[in-house]
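Visitor: Please put together the full structure from these sequences, using the hints given.
Take a look at the letters that make up each chain.
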Amino acid sequence: MKRLFFTRGFPLVKSLACVCVAAMVAGSAHAQSMKVEAKLVWCTDDAHSPNPKHHPLEADLARRLKHSPYRWKNYFEESHHIVDIPVGQTRSRIVMSPHCSLDIKNLGNETVEVRLHGNGKPVSIHTESLSKNGLLVVGGQAENETAWLVTIRKAVPAASLPALRGIPAPSGSASAR
Amino acid sequence: MTNHESQLKLQAFMDGELSVREAAEVREWLAQDAEAHALLSELRNTTAALKGNEPQCRLPETREFFWSKIEREIERQGAQPMRPRPVAAGSLLAWLRRHLMPAVGVAAVCSALVFIAVRSHGPQLRIGEMALVSDDMGSYTYRDQADKMTMVWLYDRSSADSQVADSSDIDNVTTE
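If you're matching them up, the sequences are chains W and A in order. Using the numbering used here, you'd call the opening residue of the first sequence number 11 and step up by one each time. Using the numbering used here, you'd call the opening residue of the second sequence number 840 and step up by one each time.
Honestly, the hints are just simulated from the structure, not real lab data. One thing to keep in mind: the hints can contain errors.
[Stated by the list, open to error] Here chain A is said to cover these stretches of chain W; the calculated rule only asks that three of the stretch's residues, wherever they fall, bring their Cβ under 8 Å from a Cβ of chain A:
(1) 78-88
(2) 120-133
(3) 136-145
(4) 148-154
Note that CB positions come from ideal geometry on N, CA and C, so glycine has one too.
Guide: Rendered as structure tokens:
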């Protein structure tokens, strides 16, 4: 009876082939990285921000934030970073402000562990899946009925940014790699 | 009446192991005791049957010659130098089996260890969970499954104002 080529002899060769394929798959999976976007947002009911460096938050993100129980009329972007994090690795000390920084670890499967630091001290740890446009928001109250928010999500590809944001890219944005 | 000792004596008489005096006593006893005479006859018949049918195993050669052949063969093999097994020319499979099989085994073990190490550094928190490091902080969590959004609202238990970042902090932000 005829047999397929791969089912004929050479068990060692087949074993080696399987090991190589498994190693390649595992290696490629492990080498995958994820671009994570982190933004610091100031929330207020005032129409304008006193800080000239502020600019209105992109429309899509502002719309999502307005659906939460903690809502304000206007959201202003303070800073944002896009970090490329390989699986299993951590980008430490992503400075959102002089008093707020993040450690973000790529846990794989589009899941991140975010450690929030306030004034250099650890405040909280969050584990969240960012798949399917997942969004993690960590915030707190500020003075005069305002608030600050840190938003974390997968970085939106540059090609789709104009459609999502509806505004020009901020001049103060930065990428930490 | 023949007891066990008498039977043994009768067997010794048959085998010619008794002294002259004892043999004469046994002959006298046999002449008077028919049962002893019958037993002697049975013993003689049994002995004759065994002698006639005993298997005879004979070597085709003498014992000394047989063992000398074995000794010579042992000496001959001991004198030959150990030679490596000839490897068939172009036997790639034999080479792979000899050299790569251990390497494959080591690679498999290393891969398993790496996999376990990677898995062991997995998330300490389950997806969607959060932990506060400071006891002074409290939190509320809002989760919108439809919008795939999780919002964690932090607050200072001891103060109404957030100490992590306030408006002045945000005002002083310098972007990179």
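Visitor: Each hint should be assessed against the structure and marked as holding or not.
Guide: A quick look at each hint next to the structure:
1. 78-88: Our answer is that it holds, as 4 residues pass the Cβ test (under 8 Å) against chain A, meeting three.
2. 120-133: holds (count 8)
3. 136-145: holds (count 8)
4. 148-154: Check passed, 7 qualifying residues.
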